[in-house]
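When the count follows my numbering, it moves up by one through the sequence shown with no breaks and lands on 817 for the last residue.
These are computed hints drawn from the structure, not numbers from a lab. Incorrect hints may have been included.
[Claimed, not checked] Pairs of lysine-lysine residues, derived as DSSO-like cross-links and limited to a Cα-Cα distance of at most 27 Å, are as follows:
1) K747 with K789
2) K793 with K717
3) K724 with K806
4) K710 with K724
[To be verified] The calculated label-pair distances, taken between Cβ atoms and stated as ranges, are:
5) K788 with H654: 38 to 46 Å
6) P786 with R602: 17 to 25 Å
7) K747 with R661: 36 to 44 Å
8) V653 with P714: 33 to 41 Å
9) D587 with E660: 38 to 46 Å
10) P786 with L551: 33 to 41 Å
11) A700 with R602: 39 to 47 Å
12) N715 with R602: 40 to 48 Å
13) G734 with K584: 18 to 26 Å
14) L547 with S621: 16 to 24 Å
15) P750 with K582: 25 to 33 Å
16) E729 with G591: 13 to 21 Å
17) L547 with K747: 26 to 34 Å
18) R602 with R758: 28 to 36 Å
The beta carbon of each residue, even a glycine, is placed where N, CA and C say it ideally should be.
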Amino acid sequence: SDDKQLHDFWQDPYGLYTTLLVGINPELGFFVGADPVLHSPSRFFISIEFKQKHVDEILGRGWHTWERQRRSSDEPIEALVGGRPKAFLSYIRFEREAFSEDQGHRQMLAERPARPTIHALVHEFQLSEREVLDVIENANRLKVAVRGSVAEEHLSRQLQKIPEIETCARLEGDGPDLKVWLPNQKVITVECKNVLRETNREGLARLDFQRTRAAKSDPCSRYYSPRDFDVVAACLHAITNKWEFRFSLTSQLAPHKKCIGKLSSSVCIDDRWSKDPLSVLYAATT
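Could you build the full structure based on these sequences and the hints that come with them?
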């Protein structure tokens with residue numbers, strides 16, 4: 532309890548071993564698992580809370596997933612998974628597949644723990660088998676953001692179909708996901724983000740709009756700046772199972788309440804977000 536240093540959770544770079552962050556209740560016979568990637572690095576004395584109603588769901592159904600209630604607005608949104616002993620192998624398989632997924636798709640995968648096969652994956656991505664493999668093969672960080680890469684591919688294809696857009700190119704690295712060239716030679720950068728699985732009370736889709744990790748010396752580095760990219764494209768697939776997007780200027784997003792010059796991590800996809808990418812792209816040039 533005196534150890535206040537941050538510790539990284541080891542991950543096997545070859546995928547032979549699966550890292551779990553899981554608590555087990557041997558008396559009642561259930562387990563609850565958290566995302567080891569989201570919690571790395573971590574202090575050893577932290578706790579993860581959940582409610583009795585979630586325990587009741589686990590005990591009654593044998594498998595349950597839910598979005599953990601945050602204690603503060605700065606805390607990352609997280610999907611937890613719980614099950615009975617018979618579901619533990621399914622849980623391990625789930626963690627292998629969900630490694631480094633965004634929380635919306637992590638929860639979606641947890642809702643269908645026994646589903647994954649290559650045919651279901653092809654159907655879900657709405658690409659051919661060869662195209663799915665090509666996307667995975669060309670991703671610079673293999674398995675880190677496969678579903679994110681598919682969302683970017685669908686976004687790029689949709690933008691390329693717009694006659695007014697001269698060129699749309701996907702980018703590698705930690706910066707924006709796409710660059711778009713308009714006829715006026717203006718270059719617009721676009722960040723593609725997957726929404727969370729659960730909507731808010733008003734039924735609006737939500738983005739947990741922050742990086743997975745922050746520099747140990749600068750907690751505010753977790754949050755994006757309006758200068759990082761011009762436009763945000765929110766992919767609704769985790770909710771609608773369709774590769775559809777909503778668009779917003781980064782400059783119109785709410786500022787962070789504590790970190791000056793950064794953007795809020797809590798974003799709702801309301802009527803200020805547009806279905807029309809071209810109007811938002813042109814607005815970014817003014």
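In this structure, is the beta-carbon distance linking A700 and R602 contained in 39 to 47 Å?
For R602 against A700, whose Cβ atoms are near 41 Å apart, the range 39 to 47 Å holds.
Does the Cβ distance between P750 and K582 fall inside 25 to 33 Å?
holds, 28 Å
Indicate whether the distance between the beta carbons of L547 and K747 respects the range 26 to 34 Å.
Distance hint for L547, K747 holds at roughly 29 Å.
Starting from the hint 13 to 21 Å, judge whether the C-beta atoms of E729 and G591 obey it.
holds, 20 Å
C-beta pair P786, L551: status relative to the range 33 to 41 Å that was hinted:
With Cβ atoms ~37 Å apart, the hint holds.
The hint says 36 to 44 Å between K747 and R661; measuring C-beta to C-beta, is that right?
This hint holds: roughly 42 Å between Cβ atoms.
Are the Cα atoms of K747 and K789 separated by 27 Å or less?
Holds. K747 to K789 sits at ~17 Å (cutoff 27 Å).
Would you mind confirming whether the straight-line C-alpha gap from K793 to K717 stays at or under 27 Å?
holds, 25 Å
Run the distance test for K710 versus K724: straight-line Cα separation, threshold 27 Å.
Roughly 15 Å separates the two Cα atoms, so the pair holds.
Does the beta carbon distance between D587 and E660 stay inside 38 to 46 Å, or does it fall outside?
Holds - the Cβ-Cβ distance for D587 and E660, about 41 Å, lies within 38 to 46 Å.
Take a quick look at whether K724 and K806 sit within 27 Å of each other, Cα to Cα.
Holds, because 15 Å separates the two Cα atoms, which is no more than 27 Å.
Mind checking the hinted window 16 to 24 Å against the Cβ distance between L547 and S621?
The hinted range 16 to 24 Å holds for L547 and S621, with Cβ atoms some 19 Å apart.
Every hint from the earlier list agrees with this structure, and none is contradicted.
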